[in-house]
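Novice: Now for the letters of each chain:
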Amino acid sequence: MGHVIELDAAAKAYGGAGAPALGPVSLDVAEGEALAVVGPSGSGKSTLLNLVAGLDRPTAGTVTVDGRRVDRLGEAALARFRRERIGFVFQFFNLLDDLTVADNVRLPAQLAGTPRRKAADRAAELLEILGVHRHAGAYPGRLSGGERQRVAVARALVNRPALLLADEPTGALDTASGHEVRELLAEVHRGGQTIVLVTHDMALARSLATRTVTLVDGTIAADERAGAAR
Amino acid sequence: MSARFAGSVLGRVVRSGVGRRRVQTLVVALATLMAVASAVVAGSLVVASSAPFDHAFARAHGAHLTAQIDAGKATAAQAAATAHLPGVAASAGPFPVTVLSPTAQRGGPLPELTVAGRSSPGGPVDRLEVTAGRWPSAGNEIMLPADLPPDVAETGSALTLPGGGTLTVVGRARSVTGSADAWMTPAGVAALRSAKAPGTDQMLYRFSGSPTKSRLAADRAKVAAALPKGALAGTRSYLDAKYVADREAATFVPFLMAFGALGLGMSVIVVAGVVGGMVGANLRRIGILKAIGCTPAEVVRAYVAQALVPAAAGTALGVVLGNLIAYPLLGDVQQVYGTTGLSVAWWVDAAVAAGALLVVAVAALVPALRAGRLRTVEAIAVGRAPGTGRGRWAQRFAGRLPLPRAVTLGLATPFARPVRSASMLAAVLFGTAAATFAIGLAASLNTIGAARDPAANAAVSVMGGGPAPQGQEQAPPQGQGPAQGQGPAQGPGQAPAQGPGQGPGPSPVDGAKVEAAIAAQPGTASYYGVRRARVTVTGVVGGVDLQLYQHDLRAGAYEIIAGHWITGPGQAVVPTHFLDATGHRIGDTITVQDQGAAVRLRIVGEAFDLENDGMHVHAAATSFAGIEKRGAADEYLVRLKPGVSTASYLSGLNSALKPLGAQATAAADDVSSTIVVLDSLAGLLTLMLVTVAGLGVLNAVVLDTRERVHDLGVCKAIGMSPRQTVAMVLASVAGLGAAGGLAGLPAGVALHHLVLPLMGDAAGTRLTAHMVGVYRVPLVVPLALGGIVIAVLGALLPAGWAAKARTATALRTE
Chain A
1 MGHVIELDAA AKAYGGAGAP ALGPVSLDVA EGEALAVVGP SGSGKSTLLN LVAGLDRPTA
61 GTVTVDGRRV DRLGEAALAR FRRERIGFVF QFFNLLDDLT VADNVRLPAQ LAGTPRRKAA
121 DRAAELLEIL GVHRHAGAYP GRLSGGERQR VAVARALVNR PALLLADEPT GALDTASGHE
181 VRELLAEVHR GGQTIVLVTH DMALARSLAT RTVTLVDGTI AADERAGAAR
Chain B
1 MSARFAGSVL GRVVRSGVGR RRVQTLVVAL ATLMAVASAV VAGSLVVASS APFDHAFARA
61 HGAHLTAQID AGKATAAQAA ATAHLPGVAA SAGPFPVTVL SPTAQRGGPL PELTVAGRSS
121 PGGPVDRLEV TAGRWPSAGN EIMLPADLPP DVAETGSALT LPGGGTLTVV GRARSVTGSA
181 DAWMTPAGVA ALRSAKAPGT DQMLYRFSGS PTKSRLAADR AKVAAALPKG ALAGTRSYLD
241 AKYVADREAA TFVPFLMAFG ALGLGMSVIV VAGVVGGMVG ANLRRIGILK AIGCTPAEVV
301 RAYVAQALVP AAAGTALGVV LGNLIAYPLL GDVQQVYGTT GLSVAWWVDA AVAAGALLVV
361 AVAALVPALR AGRLRTVEAI AVGRAPGTGR GRWAQRFAGR LPLPRAVTLG LATPFARPVR
421 SASMLAAVLF GTAAATFAIG LAASLNTIGA ARDPAANAAV SVMGGGPAPQ GQEQAPPQGQ
481 GPAQGQGPAQ GPGQAPAQGP GQGPGPSPVD GAKVEAAIAA QPGTASYYGV RRARVTVTGV
541 VGGVDLQLYQ HDLRAGAYEI IAGHWITGPG QAVVPTHFLD ATGHRIGDTI TVQDQGAAVR
601 LRIVGEAFDL ENDGMHVHAA ATSFAGIEKR GAADEYLVRL KPGVSTASYL SGLNSALKPL
661 GAQATAAADD VSSTIVVLDS LAGLLTLMLV TVAGLGVLNA VVLDTRERVH DLGVCKAIGM
721 SPRQTVAMVL ASVAGLGAAG GLAGLPAGVA LHHLVLPLMG DAAGTRLTAH MVGVYRVPLV
781 VPLALGGIVI AVLGALLPAG WAAKARTATA LRTE
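The listed protein sequences correspond, in order, to chains A and B. Note that the UniProt record's numbering gives residue 191 to position 191 of the first sequence, counting from 1, and the numbers run on in steps of one. Note that the UniProt record's numbering gives residue 466 to position 466 of the second sequence, counting from 1, and the numbers run on in steps of one.
Keep in mind the hints are simulated off the structure, nothing from the lab. Treat the hints with care, as some may be off.
[Unchecked claim] Heads up, incomplete: computed chain B residues facing chain A, CB under 8 angstroms, no partners named:
{"id": "1", "residue": "R134"}
{"id": "2", "residue": "L785"}
{"id": "3", "residue": "T807"}
[Claimed, not checked] Straight line, CA to CA, 25 angstroms or less: simulated SDA-like cross-link-like pairs of lysine to any residue:
{"id": "4", "chain 1": "B", "residue 1": "K73", "chain 2": "B", "residue 2": "T168"}
{"id": "5", "chain 1": "B", "residue 1": "K804", "chain 2": "A", "residue 2": "R69"}
{"id": "6", "chain 1": "A", "residue 1": "K118", "chain 2": "B", "residue 2": "K73"}
{"id": "7", "chain 1": "A", "residue 1": "K118", "chain 2": "B", "residue 2": "T408"}
{"id": "8", "chain 1": "B", "residue 1": "K804", "chain 2": "A", "residue 2": "T59"}
{"id": "9", "chain 1": "A", "residue 1": "K118", "chain 2": "B", "residue 2": "R400"}
{"id": "10", "chain 1": "B", "residue 1": "K73", "chain 2": "B", "residue 2": "A217"}
{"id": "11", "chain 1": "B", "residue 1": "K222", "chain 2": "B", "residue 2": "L403"}
{"id": "12", "chain 1": "B", "residue 1": "K804", "chain 2": "A", "residue 2": "E75"}
[To be verified] Chain A stretches covered by chain B per the calculated footprint, using a threshold of three residues with CB under 8 angstroms from any CB of chain B:
{"id": "13", "segment": "52-65"}
{"id": "14", "segment": "75-82"}
Glycine residues also receive a C-beta, built at the ideal position from the N, C-alpha and C atoms.
All chains should be built: construct the whole structure from the sequences, respecting the hints.
Specialist: Okay, here's the thing in structure tokens:
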């Protein structure tokens with residue numbers, strides 16, 4: 001089974017002489033794996049996720065995702081890479097308030113040039129699967145937190161990405177909604193989807209992840225597979 | 001919060017607000033700068049166009065009456081004694097006067113110059129404006145007219161006199177009433193005229209108050225009576241110069257008022273939009289300030305001050321820039337008006353600056369008051385989540401359009417911020433209207449320029465040897481009106497009648513042979529002959545300029561407003577002013593007195609002809625029996641076949657003409673200085689207004705981009721490419737640009753159709769449909785797209801910023 005993610009001594013430092021936000025970190029993630037990245041605030045979890053998604057560039061080392069050197073891509077190529085290979089679920093959903101639920105889900109497909117009808121069908125299919133199809137014509141502001149996160153997951157999956165990234169997907173949800181989203185992501189993973197999620201929610205990590213990486217001060221402090229420590 | 005603490009906190013808030021939002025601060029400063037500069041330029045030109053002659057005349061202590069006294073009939077002492085006549089408030093002179101026709105080393109023969117001998121440019125009456133160089137100090141030095149082209153007879157160059165001798169050019173000067181064209185020392189003039197006695201002396205008078213025409217006539221009679229009989233050779237009233245100057249000014253006023261109104265209106269809209277948007281975009285910060293204890297009044301003060309800091313800097317720089325731009329323009333206007341000393345009035349600067357700051361303060365006050373009244377939680381919430389649900393219908397609709405999604409996302413954006421979008425729309429509308437108006441005006445002026453004088457279409461002029469054409473030997477001193485009295489027996493507007501082609505006697509040149517030479521010359525496309533004369537027309541007070549055409553009548557045709565051009569004998573074409581002044585209409589018959597014989601001509605057309613105040617009669621030479629016996633025409637104007645070199649044509653034709661006593665020269669390219677000035681004014685003012693409009697758009701898009709930076713981050717995170725981001729931002733203004741362009745285009749056309757006829761009225765003519773109807777498809781299409789261009793140019797910079805914004809940073813933005 002090949003690696004979807006390969007980080008080789010990847011590091012990220014922001015301006016100033018302080019310690020780097022991340023790394024250097026070396027990490028491989030296999031296809032079909034569900035990796036949970038945990039750690040205290042400021043440990044570099046979101047930075048790691050941003051590097052993998054190509055939202056940020058490493059200051060050292062390399063980042064390869066689905067066989068492509070993300071750190072070498074230009075902005076336009078990165079955009080193409082994200083819409084074709086990556087699905088992103090954010091803590092605060094980041095749905096566009098002015099678009100309906102269906103339009104939000106269709107948007108990445110439309111940006112990727114998918115024909116209008118095909119994008120609409122795919123969005124409807126996902127909304128059905130994720131149980132929010134009745135809200136297709138509503139605006140995100142009218143939905144509960146759990147429902148919004150379901151819509152966000154549908155949007156992340158619309159282009160059938162090789163990799164689903166989730167940044168604190170239950171962080172802004174109440175307990176019941178958090179549980180719903182946990183179940184949802186587990187179901188997606190069971191369908192063969194590779195997932196990397198950053199979370200403080202140890203219950204989520206335990207229930208979903210096949211592997212858990214603990215970051216402390218930007219470096220990997222522990223890397224455990226479900227049921228066994230490495 | 002103690003007053004001291006609050007004061008220091010507010011100071012910091014203002015300073016940090018100005019420093020932190022650098023782009024926005026810069027845009028506010030730039031928009032204010034351009035708006036203030038436009039307003040200063042427009043305001044100065046409007047003020048300069050308000051009675052420019054009266055102001056310049058008062059400044060220069062201009063002469064109400066300029067008298068030419070025959071030095072052979074009255075002594076200098078007798079001339080000087082007229083200064084003590086009752087009613088004379090001040091006088092200058094007598095100054096010796098002579099007429100010269102010098103040739104410049106560079107520039108060839110100069111127009112005939114009336115030269116006065118004065119020891120200095122100042123004095124109690126007619127203070128001259130020295131525009132270049134210094135006053136003559138030696139007898140062989142001369143001061144030339146200020147309005148001669150700068151590359152002709154430069155300062156330091158020599159002039160050759162027809163009878164031998166040279167003069168050194170030491171500078172340029174101008175008299176507000178055109179008392180003379182050029183000046184030398186009294187001794188210098190006396191030396192020149194001693195050989196051609198009797199010369200004339202010049203006396204300049206100012207009378208108490210502002211004399212009317214009838215009072216001046218009475219004063220003139222007193223001067224004539226105080227001198228020996230026949231000594232008063234001619235007089236010139238300041239009313240003639242005033243008439244010409246006011247007429248030129250009147251031509252400018254509608255144009256400048258239109259631009260002034262556009263400039264001021266747009267300045268107010270853009271500055272108000274920019275400042276209001278800036279305060280409105282800071283609601284969250286306002287909420288935080290309130291949360292830490294600032295009172296609503298302190299918040300309002302802080303934000304009004306925050307807007308006033310960059311606006312004050314922009315205003316100060318705008319006043320400076322406006323003055324820098326206005327100064328050379330006023331120089332041009334001064335030349336057109338024939339006046340002196342036009343400058344930006346101090347109160348225009350003060351009023352524009354005060355008005356701009358007032359607009360800024362009010363524009364900041366309204367949203368600041370609203371923000372000050374908001375509850376703290378609301379202010380923070382509004383700042384964090386600006387989405388109000390407005391414009392969702394537009395997103396739904398746009399989403400169905402068969403366009404790329406990035407474009408449809410952008411197209412719906414303006415509906416989420418209707419007030420800001422309306423301000424942007426107004427800026428684009430004003431900018432497009434200004435550009436449409438200016439380009440249409442330039443097109444009309446160019447059409448008018450081409451139609452003004454058909455002789456300008458000729459490449460070659462052949463002087464037939466008869467009386468010289470007007471504008472040369474008969475040219476009045478600069479600034480003099482078209483209807484001036486020169487002789488003691490003539491009042492203003494009167495001139496001696498002189499038959500066509502008569503002049504100093506029949507031309508010695510054989511016209512038939514000249515015409516044959518022109519016709520035989522290879523390269524001749526067409527030609528016509530012109531005879532000019534001052535005649536009287538029965539029932540018309542004063543003299544009328546008669547212009548007779550021979551050979552190819554059509555080649556000399558003026559632009560026709562109504563009726564048709566002359567096609568044969570017995571017909572006349574006259575300008576609008578002739579019809580207005582005489583009460584005649586097309587179809588009427590007029591009687592021209594020619595050498596004692598009355599020639600009846602039927603008016604068949606109304607021509608666009610501004611020469612000589614529009615008191616012209618055009619007719620076929622064959623209307624006058626036996627005209628061919630009077631020798632060659634005064635001038636033949638020749639059009640060349642395409643591709644024929646003027647120089648080689650002239651060389652060949654002159655070889656044929658030399659034995660006949662005639663000479664061919666390249667026809668002068670006589671471009672109206674009024675048209676040149678109006679063209680440059682229109683170009684500059686349009687550029688300024690379009691820039692202000694672009695800044696308005698830039699500001700709106702900067703605000704929008706800042707507010708939507710998080711959404712942009714989301715879009716980029718889910719795969720929006722930089723190109724799609726640029727497309728989305730540009731599409732967000734393109735719709736407004738298109739709407740503004742489509743609304744601004746008819747507004748500009750309407751303004752053009754309103755202003756141009758007013759300018760024509762001021763110039764004493766109607767305009768042809770051809771001159772007004774300049775908006776044809778090749779012009780309208782780019783103008784209609786102009787709104788999109790303004791909007792896209794204004795949005796390009798923030799679109800680039802949006803495309804380059806780091807996705808991770810944008811996502812972290814609240």
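Novice: Please write out, lowest number first, the hints stated earlier that are contradicted by the structure.
Specialist: Checked against the structure, the hints that fail are numbers 1, 2, 4, 6 and 11, while the rest are satisfied.
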